[in-house]
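2 protein chains.
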Amino acid sequence: MNNYNNTMRRLGRQTFDFPGCPVITSTGSVVGEKEGKGPLANYFDLILEEDMFGEKTWEKAESKMLKEAMLLAAKKSGKKPEDIDVMLCGDLLNQLMSCSFTARDLQIPFLGLYGACSAMCESLLIASTLIDGGYANSALAAASSHYCTAERQFRMPLEHGNQRPPAAQWTVTAAGAAIVQKNEAKEKTGPQVCIRRATMGRVMDAGITDTHQMGAAMAPAAVDTLCTHFQDTGTKPDDYDAILTGDMGFIGKQIVIDLMRKKGYDITPVYDDCGVLMYFKEKQDVHSGGSGCGCSASVFCGKIFRDMMNGKLKKVILMSTGALMTTQSSQQGESIPGIAHAVSMEVM
Amino acid sequence: MNNYNNTMRRLGRQTFDFPGCPVITSTGSVVGEKEGKGPLANYFDLILEEDMFGEKTWEKAESKMLKEAMLLAAKKSGKKPEDIDVMLCGDLLNQLMSCSFTARDLQIPFLGLYGACSAMCESLLIASTLIDGGYANSALAAASSHYCTAERQFRMPLEHGNQRPPAAQWTVTAAGAAIVQKNEAKEKTGPQVCIRRATMGRVMDAGITDTHQMGAAMAPAAVDTLCTHFQDTGTKPDDYDAILTGDMGFIGKQIVIDLMRKKGYDITPVYDDCGVLMYFKEKQDVHSGGSGCGCSASVFCGKIFRDMMNGKLKKVILMSTGALMTTQSSQQGESIPGIAHAVSMEVM
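As they're listed, the protein sequences go chains Y and P. Everything in the first sequence is counted per my numbering, starting at 1 for the first residue and increasing by one. Everything in the second sequence is counted per my numbering, starting at 1 for the first residue and increasing by one.
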């Protein structure tokens with residue numbers, strides 16, 4: 001019993017260290033029509049011509065998008081679904097409809113995760129423990145969201161054409177998937193994006209009840225996780241080339257900057273938000289920016305991973321942020337609980 | 001890099017071995033009024049006098065039940081929430097409403113899981129990898145369901161009083177929580193329930209579209225995971241004192257027995273189902289038995305764990321089974337995908 005060395009893997013209550021440095025060997029990203037007209041268009045593998053993606057329902061389109069992102073990621077690593085040990089993924093739909101049906105089609109052992117828009121980092125975090133802990137040799141970490149499935153589930157039927165307040169964010173139609181593998185140093189032939197550390201989030205609730213103020217609702221969780229990550233790893237903002245939150249949007253991004261400053265950290269030189277990066281703010285009429293599980297998933301799997309492989313970024317923290325409310329909790333007078341999980345990566 | 005020994009942790013694509021033998025140090029179980037009149041009544045820690053549990057909504061009652069089960073489990077291990085490194089849990093509600101709000105109240109780092117009624121084993125499985133892999137010292141693995149929250153979300157408003165067909169199962173009002181800890185052999189003072197191995201499930205779909213035939217829908221997944229567990233671990237049914245499925249119910253249990261026989265395994269001497277054990281079939285009018293995340297969670301945390309600690313059972317496989325459909329997938333003509341995760345435990 002206990003005949004193994006695991007003393008190096010725990011940097012604090014919430015923070016894991018991965019001494020084996022699991023590698024993200026490839027990623028896949030699929031985005032909708034609107035996202036394909038945004039500033040990151042050139043970074044995505046596939047841009048849909050129309051958001052139904054040839055399916056009869058939006059939900060089936062989202063599932064197909066997720067599956068395509070996974071198959072793209074797998075193909076780039078020379079893998080078929082049967083070569084992958086485990087699929088970890090999350091989406092926003094009730095009962096994880098997109099992930100569940102994708103898992104049925106691909107027949108990869110499946111661990112379904114729900115963390116709202118924090119799904120991409122929750123899946124990367126658990127994938128890293130499974131790979132680094134020696135439980136799996138390869139994992140798929142993924143997440144998806146679709147504007148039309150999210151709007152009708154969480155807000156109003158699209159046909160209403162109801163107005164959105166300025167603080168509202170636009171649920172991104174996108175999916176991102178990453179293949180995480182055991183680091184076989186001997187096979188290394190070029191730069192590798194390695195996962196070094198991860199911090200699990202606690203649920204923080206600022207008492208906000210307005211579901212059009214997601215950035216404000218999630219900011220305390222983002223700040224809590226990021227400060228914990230810095231403290232547990234003994235690092236500071238300028239140790240990183242980029243720190244990215246999932247989908248704080250324009251308003252939430254500013255709140256995160258302000259709250260981090262109060263905690264003694266100036267993150268402005270390296271900080272940005274995937275929901276801010278996704279769209280042209282004025283031209284695309286997205287108010288406070290993008291949101292949704294697919295936001296940080298596709299921005300990471302599309303842009304950030306490429307920037308790391310191309311030498312533009314070396315050390316990066318990706319921190320997906322989730323708002324854990326339901327329509328029913330809001331109807332029952334509850335405020336919006338937020339969560340954020342952080343993963344730090346390094347080109348090695 | 002790779003300066004650790006992990007070669008012993010992988011018994012196959014789907015099956016993990018836990019050489020450090022993480023220990024379930026305590027459990028907590030809370031059940032509703034009806035469950036408290038069933039054959040297992042004496043095994044539960046707390047039986048509600050009424051299923052609203054003093055709250056204003058069923059959803060809040062479910063959340064409170066889950067929290068109570070967790071606090072009971074923690075207390076028996078001499079722990080406060082702040083002593084626990086991570087909380088892994090799942091429920092049936094949209095966006096994991098019960099778990100999310102419990103995680104907010106307890107302030108334990110939270111990884112939300114969705115696997116429908118397979119939640120208890122999904123959480124025990126991931127908890128075991130985190131403990132055995134050295135990422136956490138203590139974890140809470142838990143799941144809950146509530147008849148009234150599930151009925152109104154998945155089926156009909158209770159006020160309809162609509163009839164249930166004979167194959168229908170009764171969603172259990174219950175929560176179960178287990179504390180999983182690192183095995184500190186030197187501190188051992190008596191029998192310990194250790195987690196030895198676990199098998200992740202694949203999604204299997206038998207093409208069943210009738211949501212009142214959950215047992216039939218989940219049986220192929222249960223059989224797939226159980227056969228894989230036997231093959232990967234080199235064990236057979238009579239190596240165990242008990243094999244328990246989550247919530248196949250009376251009909252599903254018989255299908256599992258038949259399908260396992262076709263695969264060459266006679267499991268009848270040791271096999272039972274938590275949904276079958278929970279109620280008096282005729283007297284309590286539950287048709288095909290119990291279901292819901294809370295079913296295997298409370299039966300394990302209530303009865304099975306006690307039977308193991310009391311020397312009645314030594315080697316046990318718990319396999320929670322989940323049906324991954326949504327109301328929307330059913331409306332869109334999809335069949336019901338099933339999944340099952342298995343955890344094998346041993347008194348050491």
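Simulated from the structure, these hints should not be mistaken for laboratory data. Since we're looking at a predicted model, the values are computed, not measured. Treat the hints with caution; some may be incorrect.
Copies of the same chain are indistinguishable here, so a pair counts whether it falls within one copy or spans any two.
What the hints assert, rightly or not - No more than 25 Å apart at the CA atoms, straight line, and that leaves these computed lysine to aspartate or glutamate pairs for DMTMM-like:
#, residue 1, residue 2
1, LYS75, ASP266
2, LYS182, GLU55
3, LYS182, ASP266
4, LYS263, ASP105
5, LYS80, ASP232
Now the hints, each set against the structure:
no., hint, result
1, LYS75 - ASP266, "neither (40 Å within a copy, 41 Å between copies)"
2, LYS182 - GLU55, "neither (36 Å within a copy, 48 Å between copies)"
3, LYS182 - ASP266, "neither (34 Å within a copy, 38 Å between copies)"
4, LYS263 - ASP105, "between (46 Å within a copy, 23 Å between copies)"
5, LYS80 - ASP232, "between (37 Å within a copy, 22 Å between copies)"
Checked against the numbered hints above, the structure violates hints 1, 2 and 3; every other hint is satisfied.
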